[in-house]
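**Student:** Each chain, written out:
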Amino acid sequence: MANTAAHDATHDAHDHRPQGLKRWLYATNHKDIGTMYLVFACVMFFLGGAMALLIRLELFQPGMQFLDPAFYNSMTTMHALLMIFGAVMPAWTGLANWMVPLQVGAPDMALPRLNNFSFWLLPFAFTLLLLTLFVPGGAPAGGWTLYPPLSLQAGDSFPLTIFAIHLLGISSILGAINVIVTIMNMRAPGMGLLNMSLFCWTWLITAYLLILVMPVLAGAVTMLLTDYFFDTAFFTAAGGGDPVMFQHIFWFFGHPEVYILILPAFGVVSEIIPTFSRKPLFGYESMVYATASIAFLSFIVWAHHMFTVGMPLAGQLFFMLSTMLIAVPTGVKVFNWCATMWKGSISFETPMLFAIAFLFLFTLGGLSGLMLAIVPADFQYHDTYFVVAHFHYVLVPGSVFAIMAAVYYWLPKWSGRMYDEKIGKLHFWMSAIGVNVLFFPQHFLGLAGMPRRIPDYATQFADWNMVSSVGAVIFGFSQLLFVYVIWKAVRSGETAPQRPWEGAHGLEWELPTPAPYHSWDTPPPREVITKGAMH
Amino acid sequence: MTFHNRKTFCSLIALTLAALAPLTAQAEWGNLNMRVGVTPLSREIYDLHMTIFWWCVGIGVVVFGWMIWSLVAFRKSKGAKPDTTMIHSTKAEIIWTVIPVVILVLMAIPAARTLIAIEDTRNTEISIKATGHQWKWQYEYLGEDVRFYSTLARSSDEARQLQSGVDPKSVPEYLLDVDNPLVVPEDTKVRMLLTAQDVIHAWWVPDFGLKKDAIPGNINELWFKVDKGKTGIYRGQCAELCGRDHGFMPVVVKVVTKAEYAAWLAAQKAPAQSADAAEPAVDTAMPATAASPAADPAPAG
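These protein sequences, in sequence, are chains A and B.
Mapping of the first sequence onto the working numbering: position 533 corresponds to residue 533, and the numbering continues sequentially without gaps.
Basically the working numbering = 1-based index in the second sequence + 535.
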């Protein structure tokens with residue numbers, strides 16, 4: 001600790017930061033920008049969650065009690081757009097902003113002003129998107145997949161939605177460029193790519209996916225825009241276009257997109273499980289290769305989202321087999337995590353609890369994904385609640401739990417204070433129970449024949465819908481605990497030591513706590529790097 | 536809280552059960568799995584689904600078992616010491632790459648076989664074109680000059696209005712009933728040709744095992760052959776988001792014997808001459824509507 005204090009003192013001289021609003025508006029510091037990303041993601045998480053609660057409210061009982069069907073469709077559409085583009089993606093970019101420079105021994109992100117720009121695009125993009133709730137015709141209601149011709153029936157929300165998506169795409173691409181440039185050029189001398197943390201690795205691969213697919217989405221929505229306003233007929237059958245072409249283009253973006261949401265989660269879990277097992281990650285290199293293989297495969301499986309559009313037999317077989325192949329590298333990752341815990345010395349602090357829940361429930365979502373890959377069975381599963389259950393299992397106890405695990409794990413380093421372990425554990429158990437009560441019955445609903453995206457249902461589906469809605473309330477409201485536990489930690493938490501977790505390795509733990517405003521002004525010496533990279 | 540004697544405890548359980556009884560009596564908690572259905576394909580798909588499901592259960596038992604074992608056996612609180620040398624094993628990694636590949640191949644073989652059977656649309660006996668509209672289906676018996684619309688039954692339509700005050704449970708076949716169901720004969724290979732007028736819809740009857748999109752400008756096909764003796768009414772729904780009333784365009788198919796089908800088809804053609812005499816040959820849970828479906832001139836759009 002004495003060492004820490006001395007370190008702080010030397011920093012005080014140039015540790016002056018801009019004060020007030022300017023600190024945030026003109027922010028170029030990766031920690032400030034990371035914090036803004038995370039706070040923004042949290043706000044969007046609650047907005048999107050409120051929409052989900054409205055959906056579950058209407059579905060609590062059969063019959064239409066609260067929402068107009070058109071507004072209900074807007075809620076499903078906006079919930080998806082907010083959660084994907086507003087909550088999960090910005091949360092990952094925020095974590096990358098905070099952790100990549102700390103973990104590679106760089107003083108900041110490579111392109112700080114670009115970093116500022118890519119964050120500040122987000123509030124404007126979401127202002128536009130949320131404004132659609134108040135324009136004639138209502139918010140977009142054709143699903144987040146924006147399939148034409150339905151999406152072309154939108155009212156005044158249409159141009160706002162498209163422009164918002166363009167802004168989000170630009171923001172993501174700029175953020176991704178920043179991560180790649182930082183990792184490629186600013187690693188501390190002596191840190192090879194294969195000395196990097198798994199979080200940096202998975203983010204590097206994610207960043208390449210973003211750069212490759214966000215322009216594809218931009219192209220797809222631009223074609224929608226010209227179909228809507230300028231009488232082109234890319235997707236209009238009457239003009240010689242093809243609605244199915246949109247789906248191919250969209251899912252060529254969309255499938256890599258779902259890995260953009262989950263790959264950084266693999267990185268986080270690969271940091272947390274070794275820490276709390278007090279044992280290095282098993283099979284570090286195979287983890288890197290498995291991540292790269294998953295990223296590659298994500299480009300050749302897109303049509304498994306559209307098995308029912310009427311593809312040739314050869315196409316269906318190809319996409320079935322390529323999709324099944326994803327199970328192999330994903331399996332390698334799960335087995336490696338298991339092997340990391342094997343013969344470890346495991347303790348169960350909140351970050352580890354979330355990581356373990358991730359391990360169980362992401363695997364469950366993976367197994368239902370394998371079932372969905374089987375084309376003939378998918379003819380039954382497609383567009384039912386079975387699919388809804390599947391992707392929520394990989395997104396909520398998958399990505400979202402990993403984000404929460406990451407916040408609990410690194411909060412002491414960010415804030416210098418410990419969170420309340422009791423409330424953290426309560427938050428974990430409420431979330432873990434809630435999420436299963438919420439989504440597990442949806443498997444039953446889907447198999448029994450309930451289509452997705454319907455505001456009302458036949459009475460035979462009433463019981464499990466009620467259970468699911470109860471789960472939604474439990475899960476949704478327990479997230480208030482998350483905000484409370486963070487607020488309490490930052491306000492009045494116990495002072496955290498430099499290395500709050502006994503088994504933690506990595507450069508970020510070599511810095512004092514809280515991480516100084518400017519860190520790694522001089523790159524870490526080689527022996528610190530080798531000590532940090534313990535694999 | 537402790538129970539002082541056994542009797543209190545037992546009566547408490549009895550009370551709870553009594554309270555739950557009316558709930559479970561009418562409940563559908565047992566709707567947990569895919570329906571076996573009534574066609575050769577639906578049975579094959581169900582069997583495939585169950586095969587893959589049991590494979591997944593098996594994988595789950597092994598993987599979750601491993602996780603739980605690790606979490607129990609290697610707790611720090613029980614004094615577990617980490618083996619920090621265990622960081623890599625090429626042998627283990629080859630094993631857990633090869634075994635999944637073998638399992639996947641075992642899954643893919645029956646899946647491909649079923650898929651090839653599904654795509655075999657040769658020798659169909661009846662072809663029916665289904666056109667999706669916002670928000671109803673139009674059926675056209677090709678070569679028979681019979682066509683009609685199939686719309687959500689009025690009882691369901693009234694009950695599903697916002698705050699209608701009608702209890703959905705009091706409505707027969709709530710949201711799964713139409714005015715004019717599709718009528719097909721049993722034991723006959725029926726080919727559905729699917730397209731749409733406005734936006735994409737999807738035609739799905741779970742008991743027939745398949746769904747397929749109905750896309751403007753495209754014609755998709757699927758086929759089914761209902762087992763002999765499985766006459767009755769089979770219900771499904773539109774399965775692709777198609778706008779405001781996507782939840783309110785059911786697919787209802789009445790399967791009849793071949794003789795009944797011939798009679799029904801003849802009756803559908805007859806009203807072309809005497810529209811007023813025509814009675815819809817079928818109705819499901821609804822009283823007959825005034826107009827005969829065949830007499831209803833199909834509006835263009």
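Everything labelled a hint here was simulated from the structure, so no lab data went into it.
A few of these clues could be false.
Straight-line C-alpha distance at most 27 Å; calculated DSS-like pairs for lysine-lysine [claimed, not checked]:
| no. | chain 1 | residue 1 | chain 2 | residue 2 |
| --- | --- | --- | --- | --- |
| 1 | B | K765 | A | K531 |
| 2 | A | K343 | B | K760 |
| 3 | B | K724 | A | K422 |
| 4 | A | K22 | A | K422 |
| 5 | A | K425 | A | K488 |
| 6 | A | K425 | B | K793 |
| 7 | A | K343 | B | K804 |
| 8 | B | K760 | B | K724 |
| 9 | B | K611 | A | K531 |
| 10 | B | K763 | B | K611 |
| 11 | A | K425 | B | K616 |
| 12 | A | K343 | A | K531 |
| 13 | B | K626 | B | K664 |
| 14 | A | K425 | B | K613 |
| 15 | B | K760 | A | K422 |
| 16 | A | K422 | B | K616 |
| 17 | B | K793 | A | K343 |
| 18 | B | K763 | A | K343 |
| 19 | B | K793 | B | K724 |
**Student:** If a hint holds in the structure, say so; if it does not, say that too.
**Tutor:** Against the structure, the hints:
{"no.": "1", "hint": "B:K765 <-> A:K531", "verdict": "violated, 71 Å"}
{"no.": "2", "hint": "A:K343 <-> B:K760", "verdict": "violated, 56 Å"}
{"no.": "3", "hint": "B:K724 <-> A:K422", "verdict": "violated, 64 Å"}
{"no.": "4", "hint": "A:K22 <-> A:K422", "verdict": "violated, 37 Å"}
{"no.": "5", "hint": "A:K425 <-> A:K488", "verdict": "holds, 14 Å"}
{"no.": "6", "hint": "A:K425 <-> B:K793", "verdict": "violated, 65 Å"}
{"no.": "7", "hint": "A:K343 <-> B:K804", "verdict": "violated, 77 Å"}
{"no.": "8", "hint": "B:K760 <-> B:K724", "verdict": "holds, 5 Å"}
{"no.": "9", "hint": "B:K611 <-> A:K531", "verdict": "holds, 23 Å"}
{"no.": "10", "hint": "B:K763 <-> B:K611", "verdict": "violated, 64 Å"}
{"no.": "11", "hint": "A:K425 <-> B:K616", "verdict": "holds, 24 Å"}
{"no.": "12", "hint": "A:K343 <-> A:K531", "verdict": "holds, 22 Å"}
{"no.": "13", "hint": "B:K626 <-> B:K664", "verdict": "violated, 57 Å"}
{"no.": "14", "hint": "A:K425 <-> B:K613", "verdict": "holds, 20 Å"}
{"no.": "15", "hint": "B:K760 <-> A:K422", "verdict": "violated, 60 Å"}
{"no.": "16", "hint": "A:K422 <-> B:K616", "verdict": "holds, 26 Å"}
{"no.": "17", "hint": "B:K793 <-> A:K343", "verdict": "violated, 68 Å"}
{"no.": "18", "hint": "B:K763 <-> A:K343", "verdict": "violated, 60 Å"}
{"no.": "19", "hint": "B:K793 <-> B:K724", "verdict": "holds, 12 Å"}
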